[in-house]
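In case you want the letters, here they are:
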Amino acid sequence: MKKSADKLIIAGREFTSRLMVGTGKYASMEQMVQAIEASGAEIITVAVRRVNISDRSQESLLDYIDLKKYTLLPNTAGCYSADEAVRTCRLAREAGLSDFVKLEVLGDEKTLFPDNEELLKAAKTLVQEGFTVLPYTSDDPIVCRKLEDIGCAAVMPLGAPIGSGLGIRNPYNIRIILDTISVPVIVDAGVGTASDAAIAMELGCDGVLMNTGIAGAKDPIAMAEAMNLAVRAGRLAFLSGRIPKKLYATASSPIEGIVT
Amino acid sequence: MKKSADKLIIAGREFTSRLMVGTGKYASMEQMVQAIEASGAEIITVAVRRVNISDRSQESLLDYIDLKKYTLLPNTAGCYSADEAVRTCRLAREAGLSDFVKLEVLGDEKTLFPDNEELLKAAKTLVQEGFTVLPYTSDDPIVCRKLEDIGCAAVMPLGAPIGSGLGIRNPYNIRIILDTISVPVIVDAGVGTASDAAIAMELGCDGVLMNTGIAGAKDPIAMAEAMNLAVRAGRLAFLSGRIPKKLYATASSPIEGIVT
Amino acid sequence: MKKSADKLIIAGREFTSRLMVGTGKYASMEQMVQAIEASGAEIITVAVRRVNISDRSQESLLDYIDLKKYTLLPNTAGCYSADEAVRTCRLAREAGLSDFVKLEVLGDEKTLFPDNEELLKAAKTLVQEGFTVLPYTSDDPIVCRKLEDIGCAAVMPLGAPIGSGLGIRNPYNIRIILDTISVPVIVDAGVGTASDAAIAMELGCDGVLMNTGIAGAKDPIAMAEAMNLAVRAGRLAFLSGRIPKKLYATASSPIEGIVT
Amino acid sequence: MKKSADKLIIAGREFTSRLMVGTGKYASMEQMVQAIEASGAEIITVAVRRVNISDRSQESLLDYIDLKKYTLLPNTAGCYSADEAVRTCRLAREAGLSDFVKLEVLGDEKTLFPDNEELLKAAKTLVQEGFTVLPYTSDDPIVCRKLEDIGCAAVMPLGAPIGSGLGIRNPYNIRIILDTISVPVIVDAGVGTASDAAIAMELGCDGVLMNTGIAGAKDPIAMAEAMNLAVRAGRLAFLSGRIPKKLYATASSPIEGIVT
Amino acid sequence: MRIFVNGEEQSIESTSVLGYLKEIEIDPQRVAVELNLDILPKGEYDTTQLKDGDRIEIVHFVGGG
Amino acid sequence: MRIFVNGEEQSIESTSVLGYLKEIEIDPQRVAVELNLDILPKGEYDTTQLKDGDRIEIVHFVGGG
Amino acid sequence: MRIFVNGEEQSIESTSVLGYLKEIEIDPQRVAVELNLDILPKGEYDTTQLKDGDRIEIVHFVGGG
Amino acid sequence: MRIFVNGEEQSIESTSVLGYLKEIEIDPQRVAVELNLDILPKGEYDTTQLKDGDRIEIVHFVGGG
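Chains as they are written, first to last, in the working numbering: chain E, 1 to 260; chain Z, 261 to 520; chain V, 521 to 780; chain C, 781 to 1040; chain S, 1041 to 1105; chain H, 1106 to 1170; chain F, 1171 to 1235; chain L, 1236 to 1300.
Simulated from the structure, these hints should not be mistaken for lab results.
Certain hints may be false.
[What the hints assert, rightly or not] As a list, the in silico BS3-like pairs of lysine-lysine whose alpha-carbon atoms are at most 30 Å apart:
1. C/Lys848 - L/Lys1257
2. C/Lys998 - Z/Lys506
3. Z/Lys506 - E/Lys110
[Unchecked claim] For each label pair, taking beta carbons as the anchor points, the in silico distance ranges come out as:
4. C/Lys1026 - E/Gly12: 29 to 39 Å
5. Z/Lys329 - H/Arg1135: 49 to 59 Å
6. F/Lys1221 - C/Lys890: 56 to 66 Å
7. F/Lys1221 - C/Asp879: 54 to 64 Å
Backbone N, C-alpha and C fix where the C-beta goes; we use that ideal spot for every residue, glycine too.
All chains should be built: construct the whole structure from the sequences, respecting the hints.
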């Protein structure tokens, strides 16, 4: 294929970058903007929260984000039931005038692992209401298949716990999910450094979503660029057909013509 | 530090790219040239072989390589004793008018692992003769320290057997070598895909040298670009200060203001 | 603690062996009996299947198993819905006169991964009907916690797909499950060789259940003994307090008194 | 083969146990004796040190070890040159009236990695003087082959740095060494827990030597038993022909006769 | 009388479940029986009469993991 | 009039949602409003009257992952 | 005159190394020459005379890793 | 007479190695002795005379890995 023609398509929309980034945990809005810029991301996640009535001073995230340039992906972080998540998505759509939602229904506060039972309920409702649902889920091929059957626009299995930086703990399950699922598979959560992102793409994933891996680095802007490069590197390597792994060596210089 | 100011310095010479590539095993000279171009490499390895007297038709490698743009690094591939390797280096210097040599003394044909006993002998002689010696060696911190003491300009431990594509089999030893050695540490051999190169750089290595990983890929030119991006990604990630690894999660969205 | 006093307790019943074995896929009943003997297991899984009316010649499994010595654990292998699984458990109880069941509800035939949504439904019903439920599930801490809350007597997360021999693909999740769950945690499925079983026990698991790893080996009886030893080795190592991992060395011989 | 007939043969001497243990770092002589007993080892390593002339009170190791039951393997720990190591071996032979020596020549104090250049020199001399040489070396197939060619009775590559508890860092190199070498291959150093020892044996190693992994555990005697079981488990698993690894599942219960 | 046993139609002599099990030489202690989708307690094999068209399942334990 | 805004009781001047948003200086384009648990379409902020005891949620986007 | 070139016996016309290289159409800039196991500096190709039985190695760079 | 034992100067009574070992209560069976850098076979402890300035090493086995 023509590498330059390689696009990520979600719900009929085409994206050039396969890296999606969050907007949380930055030292300042300025740092966030520069990091997003450096990451090359086109889709950025945001959270839905109550306006602080008492303190009007706080600046609005949207003052810093060019909505012509970026697609907002509101999340339902902090929701522990299908009902809360659905309610948050409805608010998000009204606030953002877009149907895209990153659906999270969490199981507990310590692991932030998804509660897939509730997730499936919420996904059913939201798809029926016309949302474009990108669900954060486990590396569980059965749940991913059900999410696809429900009509989710992508599945986003975790690589490791949110913010853990452990990378892809179980590449075997990710591979099985890739074999099973037709919609885009995006690794969401767990990426700690560039090689983690490259590995996700080399497995054949369609994209990677991260926040803490960038925002939590000592130099978030440089790390954002590193992730940008790594996702492209991993994607290209996947498309290029790597050499097989062998226990023994193969010479790279010719045997003939050695001076004796 | 200023990331753009980050240079690789070997024997006083400054290089922007931290990826070194070989010139072997390509389908054609044209493919080789494009792959080297895509890799962004500034140092390229070549082998020293007898001219084929009977068949003068064969084209010369040097017709294809712009010596103003690239630094040639002749290797001693195929040498199994210190004497052969030293003799090959002397020929290389005469042919290439440069002091840089990639010193290999192989232990056997099946593993192509270095014979470090012979390697140390050859390195001593060559350093005395004024060569700039970049030795291919094992991931053995003791041998690397001896090579540095002898006066080698860099040490190049293998990540895995030449052409095996197994990546860095023992990152622990590489880390110990990095703690021990002051001259540049370049991982030579074993890289199979982009993430392998990124991992080498994230460990803190100063560079990566590869040939088969690129030339053996289904699409060598695209893989060369992938490696180019991966080395830069890994280097940037190393400099950016990654997040620590944790067993449990940390939320990336705020806890406050959740709709209840 | 007194190592010899170390018992596995499930639903108030005490077991000395922490290895549970299946009875499927053996070349002969004799081989199965010897393998079970060599494994030291006290709990053995069996499947519930229709009697073959047309061919009465076939021998009965129960002719070969001493019910005074072994606790039967009937499974619901082959069930893809809560209803089928519940029905099979009821039949199993009637046939076996015991309340213990290994509850499996499968998601698909290729991965044999659990359908945890259906599994939770079936578990609720069976616990209400007084069964002692040991559910085969994913390495999903949230599902495991729900199974414990429902009243399951143990949770049995998979290490890797049934019969895959991949070992414990995600020790991180198993550790989180062990932190979260109070009932026994038994790794069920994925064990391919002795060290896999030892690793499960070293993580702190209460037991290991396997079938193919033993029955599929070239010498099932010897492998059964290997697994017997490995589970005990891993358990003892877990209780003994292993040395911490360090990047650098510590001498085991004294520094003083070296001849100089 | 008949499993019970499986013996370890070094320099023509036959041993039933494949675990060799050190005698250093125990809280007391009593603890050491019990741990050795629990380990089932038949070969035990000792260090050679100056008698403390000023303080005659100290008890002698040999008062605690039954020389009819155990084969002493004096080491050259603490030696950093071939000469020191050879001198220590000569003293050891005179003190122990045995030809067996564990030859160590260390490269530095931080890693305690072998200096293979010096090791090869020492091995040559000692073999000529009729010693039965068991050299502690790197996981370097070339050095191991040279040690075998010199006439060493076994090769003992490290799994990881002495006392590090990191297990076998590079199983690939160990496998290559096993393919290359005819004398027994014994993993020496790095074992931290039972599964590490089992893995070494499953790779096909002939034995495992450890000290800190046992003596440094919270309960050394229980850990010694764990290692005893683990080495036997790993050896049996190696001989039993494990199942192949597969990405997907294979049912262990029959498909036929499912109630529908 | 014709009944369905494990999904297959059979014509049988016996009128009780226990009778039928004996007829096909099955040890009642080794099996579980479902009559028209309800578990039949072992104690009732003797007294339970079969009628035309009944569906019974007879299961036992086999090797499994 | 007293209503509940984001869970806290407030006494307010305005009678319409739009009026109240202006009162507390919030740009209607940047928020979403829920009135007594139902989403309120932006188009209805102006026409929707608030009455005593109403519960409204006013949310916006913040940084998140 | 007969010499050994890269291990093979050859009968040649030229008497100097440079002459021989031209004879076999090899660009002196692209190769290195060893005469009887000693490196021959490029500057001496012209002046260095070949004699019967000389052993020369002519090497160049080829693709390698 | 003064000799060096394990690197330290000692003044001793005995004239033979065996004598000295007894003097310092060391069981000859449990040690190895090096006299001026040469191994001294156990058989020669009795007959070997010490002279002023001799350097001897006396070693034994201790716990090690």
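Cross-check of the supplied hints:
no.	hint	result
1	C/Lys848 - L/Lys1257	holds, 26 Å
2	C/Lys998 - Z/Lys506	holds, 25 Å
3	Z/Lys506 - E/Lys110	holds, 12 Å
4	C/Lys1026 - E/Gly12: 29 to 39 Å	holds, 37 Å
5	Z/Lys329 - H/Arg1135: 49 to 59 Å	holds, 53 Å
6	F/Lys1221 - C/Lys890: 56 to 66 Å	holds, 59 Å
7	F/Lys1221 - C/Asp879: 54 to 64 Å	holds, 59 Å
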